[in-house]
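Protein chains in written order, with this note's numbering: chain L, 1 to 309; chain A, 310 to 606.
If you're looking for bench data, these hints aren't it; they were derived computationally from the structure. Careful, some of the hints might be misleading.
[As the list claims (entries may be wrong)] Computed list of lysine-lysine pairs in BS3-like fashion (alpha-carbon distance at most 27 Å, straight line): (1) A:340 to L:88; (2) L:41 to A:465; (3) A:340 to A:606; (4) L:36 to A:498; (5) A:439 to L:36; (6) L:88 to L:268; (7) A:439 to L:88; (8) L:268 to L:10; (9) L:41 to A:498; (10) A:465 to L:10; (11) L:224 to L:268; (12) A:340 to L:224.
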Amino acid sequence: MVDCRDAYSKTLEEMASADERIVVVVNDSVGSTKLKGFFAKYPQRSINVGIAEQNMVGVGAGLANGGKIPYVCGPACFLTARAMEQIKVDLGYSNYNVKLVGVSSGMAYGELGPTHHSIEDVGWMRIIPNMTVIVPADSVETQAVMQYSATHLGPMFLRISRMPVPDLLPAGMKFEPGKAVRFREGNDVTLMANGVMVCRALRAAEDLHKSGISARVLNMSTVKPIDREAIEDAARNTGGIVTAEEHSIYGGLGGAVAEIVTQTYPAKMRILGIPGVFAPTGSAEFLLEHFGLTADGIRSAAVQLLESR
Amino acid sequence: MGIMVRKRQTTGDRRDVDMTSSSTIDLARLKRQAVQTRIRSLQMVHRARLGHPGGDFSSADILTALYGVVLCVDPSNPRDPQRDRFIMSKGHCSGALYATLAAAGFLTEADLNAYMAPLSKLNGHPDRNKILGVEANTGPLGHGLPIAVGCAMAAKMSGTSWRTFVLVGDGELQEGSNWEAGMAAAQFKLDNLVLIIDRNRIQQGDFTENTICMEPLAERWRSFGWEVREVDGHDMRTLVECFRAVPFIAGVPSCVLAHTTKGKGVSFMENRPEWHHRVPTAEELHKAIAELEEGQK
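Construct the entire structure; sequences and hints are all you get.
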């Protein structure tokens, strides 16, 4: 099992050695963003603005104006919610080349509670014009996404969890933005997931296979721009779509997929996520179980969907 | 009549290039330009039936001084990496900004005539993706200074000598993001950063001091680690000399607290909160132009 934060920070250090435009900006969270190594290696390119997220995002825009490629990193909950207007105006509307890295996203902070959960960020970010939104599934994809990010011109939100996940993708993979990765073929139903939910969707597909149900599994790491073709194909050629994300059921991956399905080939869907509530007290794993964001939760949603047809 | 934009001649320290002393600057020309900026912006507001003339007028002299003899910017090479950066944080005063950018060669008269017209590139608030010469899209307050801090950091990191100027309103400083950025600018010793405060003492609804007391404003910035100079924001010679004296202290960010008058130059507009965003009638427009022209004689 791996922590994707290690992959992003290690890759960023490697990228910085090859491209001196790369700089980092953090809000005091040098440790939780795993950037101690970067700060030690590149002190002149490391900025800690203190506990000040609005300033942090504005500083990112200014650094981009001055020709830098800033990675503005912080816990996803504070980075997005606190600096929302700066993200909309200074990055989206101004269209500045700033990479936002929201770490410890979703409910990874578990017992710390809903103040520290970030289950709205994908919805908020994907509404903003010019913003690209990526939620990698494992450390291999995180590394590939980081390498891609420096080549992409424009603002981007990278959502990096701290929950341990198994590596699923082949080492050295090339990330293709806007392309769903098909992990498993299947025709009865399609399971779409991203981030920490991809490994759970794969386990659900294995369980469904034992019951004679053939499930397609798509890794939807790019939420924006979303892979319209893969979604329409799943709607047309399988019996329905189950989405699973560590995010509110409103506005995230499920919403993005539904927007395409309803306008191309209406098909039955189940949207798994946090159902519009603030989570109760519990560890990250406990909360995923609590909200049915498990292999079994995905499996039973798929079975119910097929039974309801 | 346009502003004569000075081009950067070398990539070296701009102070080596700029040897003109303020005594040889054509102050009369700059003063005339500032009057023209007021007249032009008021015509634009009248035509668009929208705008913020009070703040356009309080900031007109500051903008004219900056674009006239301070900033190294070039409309024929607007994205020159070595250009000075100017960020209009009080983006609602776009009338004065656009009139100044036109005088500096970044916009045309036809552009100004389309101020806020449908599909015009001149939105009510500036858009850098439509107007070369605009560095950041502003409008919501409290955004310009953090961006300016980032610009200044980038210049320091790159070891380049271009400077960053940012103009904020006084009411705008009620936004907390300014103070986040103010702390960072001092911490990072950004002496290539100049904050200009248009201290016209009026915000949208009332006088600042009746809303949220801003005083002691100079002391507040000093206590945040900035070197502050207070100037008459309508005295062209003082403005030019002040902007040319930056950084006031090496290793310290500079703050120019410019005392100004909202609606400056027109008797029935001066110091009247309603002129924050009032649109003049045709009669008021003619009267205002007459007063402004009379005032420059």
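For which of the previously enumerated hints does the structure constitute a violation, in increasing order of number? Hints 1, 5, 6, 8 and 12 not satisfied by this model.
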